[in-house]
Structure formats: structure tokens, C-alpha cells
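S.K.: The chain contents come next:
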Amino acid sequence: MTEEEKPKPNAIPVHSSTEGQVGGSIPQVQPPAKNLYPKPVYSKKAGKLLKTRLWPTERWANPWSQPEYRNAAFQLAAIIGGDLLYKYLLAGTALLHQHLAARGIPSGPLADPAWTGAALRTGAEVAWTAFKVILVVGVINVNGLWAVWWERKLSAHMQSRLGPMYAGGFHGWAQTALDSIKLLLKEDATPADADRAVHRLAPAIVIVPAVLAFAPVLFGTELAAAKLDVGALYILAVSGVSVIGVVMAGWSSNNKFSLLGGLRAAAQVVSYEIPRIFAVVPVIMFVGSLDLAAIDAAQRGYWLGFFPRWFVFWFPAGPIALILFLIASLAETNRVPFDIPEAESELVAGFMTEYSGMKWALFFLAEYAYVLLACFMMSVFFLGGGAAPLPFLAIVPSWIWMLAKALFMMFVFMWLRWTLPRFRVDQLMDFNWKFMLPWSFAVVALAGVTIAWL
Amino acid sequence: MMEQIAFYSMAGLAVVSALAVVTLRNTVHCALFLGLSLAGVAGIFGVLGADFLFASQILIYVGGIAVLMIFAVMLMGRASDLTLRQVNQEWLAALLVCAITAAGLLRGAKAYLGSVAAGAPAPSTKPLGRLMLGDYVLPFELISLVLTAALLGAIFFTRKETLPSGGGK
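So the sequence lines, in the order shown, correspond to chains H and A.
Taking this note's numbering, the leading residue of the first sequence gets 1, the next gets one more, and so forth.
Taking this note's numbering, the leading residue of the second sequence gets 1, the next gets one more, and so forth.
Next comes chain A alone, as it looks inside the complex:
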């Protein structure tokens, strides 16, 4: 009972704040609601007993990604960001795409709909670590490679051209 209350409130929080992200006009409010939505997802992980995922979701998404989003919105913001609506005339098409994607996801997830998750967080860090450096070491390392490439690419593209000598600094 308690788990269900916690789960549905967290799920509701995630969905409602995600809706606020795409419907509000003020982009800073949208960015803040994005943080709330990601925190709601972390709460869902917590309710389902995935304690490591819960902590890393907060660490990476709420404390990192959301902050960077807010940072970018504030730094790059224009005055019109606070009042302009975010949707253009193609909202119907977007809604259709969303509906089809959601239906597809639902079909995929249907097999697990009835299964009951553990209520309280169970220690999952050790088994996760063993899996990542054991059975799934190749995908794990491939992801690290992709992330390193992305990092180097970001540095390469944002770097300013420096003059050959003397003028650089």
C-alpha cells in the first residue's frame, strides 16, 4: 500500500513536471521543471528498490545535467525566452509521433506490467559492479569509448583557433 502510494506519486510528479517542461512559456521555469521531472524518475527508481540507480540518477541528472541545462538557458537566454510559446503549428504531428512512440513502448513493456518489484531498496551495487566488469564488460567499455569520443569532439568544436605565435594569449 505504502509502496503504491509512493510509486504513483513519484510517477505523477515525473509526468506532470514533464508536461510542464513542454507547455510552459518561460524557458527557465521549463528547465527547473525538467530537474523536478528527473528527480521524479529518481524517486521511481528508489521506490522500485534500485538504490544505486536512484543515487546515480540524482548525481548525474539532477545535480549535473539539469544544472547544465539551467546554466545554458540563463547564459544564452534572450528576453523573448520568457514569454514566447514553445509550440508551433505542427503540434498535431508531434502529438501523433508521441502517441505512436508511446504505443510502441507500451507494447514492448507489456510483458512486465504484472510483475511486482521489491518494495524497499535492496543492496544492488555489488551485483551491478560484477556484471559491468564481468559479463557486460564489452558494452561497458564501448560506451566509455563513445563518451570519450564525444568529449574530445566537444573540445575540438568549441576550441578557438589560436594564432601561431605571440598573439595567442
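Okay, chain H solo, but in the shape it has when bound:
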């Protein structure tokens, strides 16, 4: 079908009676379309009126939102239909099984209620998992909106400015939402000499591990999308994969600043991952498990009835491990003072230089997702997770404590970012290999001493 035959949604209908007249035809003034919605269009090639089908919802809809209405109708139908299917399919198959058995016909697996029940349970499990994934992705998205606004306000107040004030009314609360709409509408530019496939894939490789790493994260006591026995190791492992995406972005842009940023990111993240993991080892030694729920449960209770048994208070290993983990997490998330991969005064924007619009926003979203992840990890590993700081405060639900601790650590992240200058590349590497690494070994030894002493 060529372009002109296609029924255009907003095209003014052509009256077929004028088309057949040759020469001196009276120029007819087209009446303005009363209805915005398409009327049947005459196609010369097909020799007939082409019908344009309308969904019932589109009769009243703004033409721009037609796909949205259609999707909403599909989703509603899927929810209702799935529910009905689940309810009646079991009963139906049981009935069929009975009938077949009464007539002596051997029934296949489809008519077997046990088999169908298992299949439906698997389907329900898949649907539930998908729902949890959507919830976690929602956490990451909302965190991006909130954290960017918060960071802008915090940085502004630290520098005696006001920050966003107008969008939305109260203190520019809608600023990031409108910014993301702007990013959606921006042109998605790719450099002419870029490796197109790698360039396109890089933001996905950065964001997917960020979402995956959130699977076993505790949002409150026993409140996690997945319960993994190796939860702590899993988070540390999966979040390290993102750097491949960063390096891909740096290389595929075919730009020396991007490449330098990507190489710096690779060197930095691989180096700082070692002290970061060693900083978690004391916690694992205290608990004897890699399961986040077990780590959370081990920090319950109080010394002398009021002093919380959080691992940060397990002297001397706890506090040192927390500080090491905080520093290494700052480096892992490429934030100031460790933001040399995207140092704007040296490298334009590092590996993100050649990205625009939503792809650029995905890098940013992943960065804030990792900040949130690091904050939740510090909250679970060192700050007691969902445990209340004082016994009588235990009536407050655990997820509020978890969130409060995570947001406090996020405040620390932003505080450090806006008060410290950036490291130089060689200083950064020296700091890691000559300070962080020896201390991270020492902290494991100190944890042994702590266990022997307690």
C-alpha cells in the first residue's frame, strides 16, 4: 500500500464525484471537516472505498491518544479475561474430565485438572514475578525523579541558591518530570562514524544490570522481590556488569573524549570493586550468611536494652568497613569526588558525550539507581536494616526505617558530591591501591578480632 492510499487519520475526505470529471470542472470548495475522525477514503487503485475501522474508545478520544486508549482497553481486557480464565478453566476442565471418564474415553493432559492446575499456577507465578519486576522498575524510576530534584535543591541550598522554583508550584516539584518529557522529545542523535549497534545497545547494558541488581534488595524486613541465598554476592556481582555498557558507550561513540571516559570508568570500577567487596566481608563473617534477610535479622536486639546491635557499632571493624564501603560505592557510582569518567572540565561529558535524549537519560537513571542500591546496601549491611534505633520506636514499620536510613545515606552521597573537589586520575588509583586495599584487608582481620572478642 503506497502512502497516498493509506487512510490518513486526519485527512480531509476527498469527494469521489469530482475525481472523474476532466477539464473545466468547477472548483469545489471543500466543506471543513466537522468530524476529526476519518471517513472512508476512495482509493483509485483498489476501485472502492477503503473503510477505516475505529475502536469504540476512539469515538470520543483525542486522536493523539488513540494508541493509549487501545492499550488501556487491551490491558483491562487482559486483566478481566485472565481472572475469568483462571476461575472457570479449572472448573471447566474438571467437568470435561468427569464427562470423558464417564464415557470411558481416556483423557489427555489438557483435560486433567491436576495438569491444568499446575499450568495455571505456573502462569500465575510468572504473572506475579512480572508484577514484582514492574514494581522494582517503578522504584528505580520514581527514585530517578525524586533524587534528581532533591540533588538540585540540595546543591542549590549548599551554594546559597534556590534551585528549581517554578515548575509545578511548590519548590519546583515537577521539574524532573517535565525534564524527562523534554528528554523524550529530544532528537536521538547518533554520530555518523559510530558503531551503530554497540552505540544503541550500550544504554541497555547499563540499565539492565541496575534493574537486575535490585531483585534481592530488602525494602523492609522480609520485603524483597526475590529471596536469594547468595543475595549480597549477587548484588555486588550484577552491579559490576554495568561497566561493560559504559565502556561500550565510550568506544562506540568514536570520540576521543568518550573513549577516555570509558577507559577511565573501566579502570576505576574494576579497581574499586575489590575494596568494596572486602568491606562487606566483615558483615558476612558476623552473620555467617550471604542472605540479606539473615543479615537484617542478625542486627535485631539491643545491648543494655537501648543500644542497637547494628554492625556499624561493632567496634572496630564495623565503622571502618562502613567508611570503606561508602568510599568505594562513591567510586563505583562515578560520583564526585570519583567522577573522572565523566569529568566535564576534562572530558566534556566522558562516555555520555555522544548521547542525547532518552539514551542519555538511561545512563543518568542507572547512576541514580546505583546510588539508591548502595544506600539500601549500607542500610542493610551496617545500619540495622529495618531495625528501629531505640526499642520503643519498633512500632514504626520496618520499611519506614529502611527507607529513612537509605535516604539519609543518599543525603550523605549528595553532601559529599557538592562539598568535595575531584580526584586526579593517578591520585584516584593511588588512593585505591595504597589506602583502600590495605585497609580493606585489615578490616577483615579486625572483624576476626571482633568476633573472638565478642
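Derived by calculation from the structure, the hints in this document are not laboratory data.
Careful, some of the hints might be misleading.
[Unchecked claim] Below are the DSSO-like pairs computed for lysine-lysine, each with C-alpha atoms no more than 27 Å apart in a straight line: (1) Lys160/A to Lys434/H; (2) Lys132/H to Lys153/H; (3) Lys153/H to Lys87/H; (4) Lys182/H to Lys153/H; (5) Lys227/H to Lys126/A; (6) Lys256/H to Lys186/H.
Take the given structure of chain H and dock chain A to it, following the hints.
M.R.: Okay, now just chain A, sitting in the frame of chain H:
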């Protein structure tokens, strides 16, 4: 059924991306496919229920070794790396060596071909730790010694000679 689908897709991913590593011309693409292949192996561990191996494979190979490979390819790369083919005239001999090795491995692994692995990941960290610091403590420590020696050797060989005094820094 689900386990089999997951296992074969992961195995296929590992094999196809490993083939891409040796056949593609662009070395950076090869390095990226190496990462994908190693991730496929991690997926196989996950499907077979070895959760600790799964996490450590991702941590060490995908997040560490693959990144270092990509790093090296990008840092040391020449322009010809992107277009030159990787195989020379001896590909037939290489294929033969590979076939013989594969046949030998298959003979070795044949005893376990029929055995069924656990579907879901079972907690394996604690027993692994007990074995490593219990029955297998000597090989474990020997491997650590070898790795330390390798580390020291790498530092020794890459280190620049510094002048006796004054000129070093």
C-alpha cells in the same frame, strides 16, 4: 520442561557467542561477545542450581575478566583490529585439534550425561565454604600461593626501572 528450555537457551547462547568471538573480524565485538559467552556460562550454573558459582562467575568473569579484556583491546588497539580476519591458513589444523579435544572431553564427561541436576538454585555456599577450609584446604591454599606468585610476577615485569636518586619521580 522450564529448566530444559532455560538450560538449552543458555547453552546455545554460550556456544553461539563463543563462535562469534573467534569468527568476527572486529576485535571489540569479539571481546563483547566473550563477555556474553561468559554470562551464558553463568546462566548454565544458575540453571543447574549452583547459585554461588553463578554469582561468582558473573562477579569475576563478566564483571572483571571481560571488562579487562575489553579494556586491553581498546587501549592497545590498532586500526587494523577492526577489519582484519582473525584466522590464518592453519585453520584446518586448529579445527582438528579442537575436534580431538572436544572428543576427549566428551569421553570424560560421558559418565555424567544421564544425571539430572537440581532445577532451582539450592543453597550451596555453606557446604562449599566448609569443603574449601576443611577437606580441600591444601589445594585451596596452593591455588592462593600460585595466584600470589602470579600477581608478584606481573608487578615485577611491568614495573619501570627507576633511577637511583633524584630522577625517579
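S.K.: Hint by hint, say whether it matches the structure.
M.R.: Against the structure, the hints:
1. Lys160/A to Lys434/H: The given pair, whose Cα atoms are some 18 Å apart, holds under the 27 Å limit.
2. Lys132/H to Lys153/H: The given pair, whose Cα atoms are some 31 Å apart, is violated under the 27 Å limit.
3. Lys153/H to Lys87/H: violated, 51 Å
4. Lys182/H to Lys153/H: holds, 20 Å
5. Lys227/H to Lys126/A: holds, 17 Å
6. Lys256/H to Lys186/H: Within the cut-off at roughly 24 Å; holds.
Of the numbered hints given earlier, the model fails hints 2, 3; all others are met.
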